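Take the given structure of chain Y and dock chain V to it, following the hints.
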Amino acid sequence: MIEFFSPRIFALPAALSAGAFVVLAVFRLGRKEFSPRLFGVAIATGAILSFLPAAIELLMQRLQIPLNPFTDAVIKAFGLAGLCEEAAKLAAAYFFVRPFYERRSRRDLMLGVASVALGFALIENVFYVFSAADRWPATALSRTITAVPIHALVGLTLGAGLVRAEGQASAMMRVLLIGRAWLIAATLHGFYDFPLFLGLRTPLYPEPINRFAEAFSMTTPTALSAIYLAAVLAISLSAVGAVLAVWRSGREPQPAMPPRAVWPHWLGAFLFARSTGFICGGLLLLGATAWIALAINAAIAGALPVSVLNALSACAASITVGAFIFPPASRRAERSRRAVLNGRLAWTAVATAAVVTLAIFAGAIDQMRRNFIAGALVASGESYQNSGDLAHAISNFDTALAYKADFLPALIGRMSANRIYQRYDAALADANAAASLAPSNPAVLVARSKVYEDLHQMDAAIADLDQAIKLKPDDATSFALRASLLLDKGEFESADADLDRALSLKPDLAMARAARGYVLLQKFDYSRSIAELDAAIKLDPNQPDSYFARARARYYLGDFKPAIADLIQSNARAPFAYAALWLYLARSRAGQNGRDELTFWAGRLPHDAWPFPLIEFYLGARSLPLVLSAATTNDQRCEAEFYTGEWLLLQKLDTPGVAALSRAAEICPVSFIERNGAIAELRRVGPESPTDSGKAWRLPAPTNLEVKKIDKDTVATAPDASGAPIVLPDNANGVADKP
Amino acid sequence: MSFIPADADPPLDQPGAPPIFGAFPHTIDRDDMALFESGGAAALPVRLGRNVLSPFGFFFPVVWFLYKKMYLQASAVVLVPIVLSLMHAPSIIVRGSGLVVSLLGAVGPRLHTAKARRIIAEIRAAAPDDATARLTIGQAGGVSTAGAVLGAFVTISVLMIAFAKL
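Note that the protein sequences, when read in sequence, are chains Y and V. First residue of the first sequence? That's 1380 in the numbering used here, and the numbers climb one at a time after it. First residue of the second sequence? That's 2 in the numbering used here, and the numbers climb one at a time after it.
Just chain Y, with the same shape it has in the complex (with noise of 0.2 Å):
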């Protein structure tokens, strides 16, 4: 049924009332003259052949060519976007607006080219907006400050293009011009687009961009905002300049017909009236300039910095659209010495009656202002956090939580990141004081219950759930959680209830056919754990953990080559320091260098946290008796002495090996993915078949790892299954040959 009573029927006229603004520029600046019938003919025009380009990017996508990321990012933004778009644009402008027959001055024209971009954008706007599910308020707010009006802008250049063509005698001269104005806004719309490709690579960015960006001491993610701004900017100089130019081309002939209103009369009266002009221009170009300067002040409390590019890239267009709505829209005719007396008195009082009110909601303004800066900190610590940086990333938590004591995003963001740092008594710190402040808000529990099950309360997180549950008993993904807790305890069949619960609530949850996933993997099923993960990650191609639990699938059954794939993909998705290990073990055993990949990862996540030390171990940069040494928890020694011995293993040197994988299997708390690891693994190379149930796994084995310094290298020996010691090689310090 049609969702009349969602707020998703909301959508539909957020989308379409992106372009509000825009309209009210191209009116004002047709000065009564430009006629509504042929902006009609226009936006439908737009509208109607939006549709060509969007067939021939499902014609490419269909034809699946092989293309480097660089070169792929290159043709969809200045092959698909640019060109295809543009040349979508110039056809309805050349055979739909230009011959109309109420389009009668250059000056029409050129809107009317705006128009038809206007129209454009507002179908694209349309299906992002619908195709961004539950965030389609944030995609509709981000697109009306972005990329409508930068549509329109292009548009204004497209149509200057064709203004001067129009006015040659030579049809070869006027077929040059228009396609030099369609190369010109090709190039401008597809340097618009070409960062934005590339930052949906974030964080394997082609390696030119990587150059470029090291050129210029920047880091990509920084260059790539630089050039966002860069084409924005040319992008609104090169309107300011369309407009300005066909406005200094000389008065034409006034047509004969004259100009058709705009109807209904109080819309025409509200669209060129110049207090209009005044609220929504001064509208448009205060917010843009107290976000910048907010932004400013962010970076200033600590903010990334880049946040100020993305603040100016963000307004440059609405700075421009809001200079075009400001001017009066018709000439200002002879006026009074009273009416004059009477303007400037207005305008004292108007001038008054701002100051009075900054007065009067100082503290109110100041407020929004804390608001503001706490959340650009939390989102700028989340960047951090996400690029390993903790360090950084909580201080940035600690300063919002400073401008805003009780900004529960800060305290989840600091929570989350002392849980990466494994501060587990921090993390439940700041949970509790979430859950303070929004005891009845089912996410805090939820949020919370993640803390409780790193330190192994699972009875806390558990009753958190619940509670989260009883506040919320339609939420398929607190089920599906509950799920993954009552798995860790070892509790299949609830956890598998729990999952069904799940699925009847919500049947395309991704997370849900992902637990499953989990469930049979834990079970040792893989290959029906194979097939959930492969429909969960149908349902949700972004979720990093299906693909991770997948390649571990994939890697216990041998097929390392799959492995490896998922595990690029799931540390595409979001870098995780245990599926980069992952991935230098598959690729290890697939015969392939991990090495260079794992330094590659390596710059990516938190070097003071664990599992740092082992990633080192990899690297050749710790010894073994150094990494063991750094794992000071339980958990850490589980982890240990899975990730070492498989790197025995790697080495040839089984009895160590199996040694350490035992010792994992033994002290791996039963959630653990390197307690499965290692059953796995002992199944593959030990002597016996070992059941589920018993402790078949364990071999006769040695009992302790002895190590020991011999010469300058540190050179870790190990008894093998007689008790004698094995001494390992000089490249014991880590670095893994290939087998």
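For the record, the hints were derived by calculation from the structure and aren't laboratory data. Quantities reported herein were computed from a predicted structural model and do not represent experimental measurements. Beta carbons: idealized from backbone N, C-alpha and C, even for Gly. Hints are not guaranteed to be accurate.
As the list claims (entries may be wrong) - If the Cβ cut is set under 7 Å, some of the chain V residues that face chain Y in the computed set are:
1. Ser76
2. Thr133
3. Ser158
Chain V only, in chain Y's frame:
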């Protein structure tokens, strides 16, 4: 100067004139309609008064409407079914909208005549003199071959996208 031969039907404002889709206002005559239909070209043997259903319009409404320069109707027949499908309307409504679109294309000639009447009346009311009015009527009417070609491309594109989503 009239485009209609002397032995043709008398002007519409004369008694006994054949009706063209109902009664025209007295300001609209066959001369203006012929001018509109021919797009301001020289005297063409334009046949007026035929308001039959259009089979071509039924099967290819977008092409027909763009050929006849009926841009708003063309956009409606493309966009309404798509927006309904985006809003997860029941399939019967989406398919029904497709049928409505086809029927709209089929009655296109009637809609076109109604549009011509309206535009001619507007132009005649606003034009300062007869020459300007005739020039503007010619510009407002006629057909667009480029529109038909682009309409065909749009139809193919929409069908491609629809089948890709299946």
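Point to revise | Interface restraint verdict for threonine 133 of chain V against chain Y (beta-carbon cut-off 7 Å) | key: Result: holds, 4 Å to nearest chain Y Cβ.
**Study point:** Evaluation of the interface hint that places serine 158 of chain V against chain Y, nearest CB under 7 Å
**Key:** holds (3 Å)
Exercise for review: Mind checking the CB of serine 76 of chain V against every CB in chain Y and telling me if the closest is under 7 Å?
Suggested key: holds (4 Å)
Hint violations for this structure: none, all hints satisfied.
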